[in-house]
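Q: Anchor point for the sequence shown: position 35 equals 35 in our numbering, and the numbering is continuous, going up by one each time.
Treat the hints as calculated values from the structure; they're not laboratory data. The beta-carbon is built from N, C-alpha and C at its ideal position, and this holds for glycine as well.
Computed beta-carbon distance windows for the label pairs:
1) R72 / L104: 20 to 26 Å
2) E70 / M25: 18 to 24 Å
3) L33 / E84: 42 to 48 Å
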Amino acid sequence: MSNIDIASGMQNNSSSNLDKEAAVMTSSLHVSLPDEMRAFVDMRANGKSQYTTPSEYVRALIREDMAREEDRRYAIRSLLRAEEEFRRGEMLPLSALDAVDAELDEELR
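My request is simple: use the sequences and hints to build the entire structure.
A: In structure tokens, the structure reads:
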């Protein structure tokens, strides 16, 4: 089992007192990984690819997951709004949807 310490934060190196009060916000996370996963992380964060440190790689994965979660929530909200519109009778007739569908098919060709 291998360990990775991940630090995240914001630092401000300004000499202004106001800037210093806009404090440094950091937190750390200690993660234990099987050796195979650690080797994969090290391969992805070898400095030759997009990531130079394991922390950068893990932060990128978390950002991607957060974006997926936001997309999922947006889709659910959209479906709920569509359901409400349907229940109120505020919907396009199927013929209008067929026209949109045909337009999209044409664009994809």
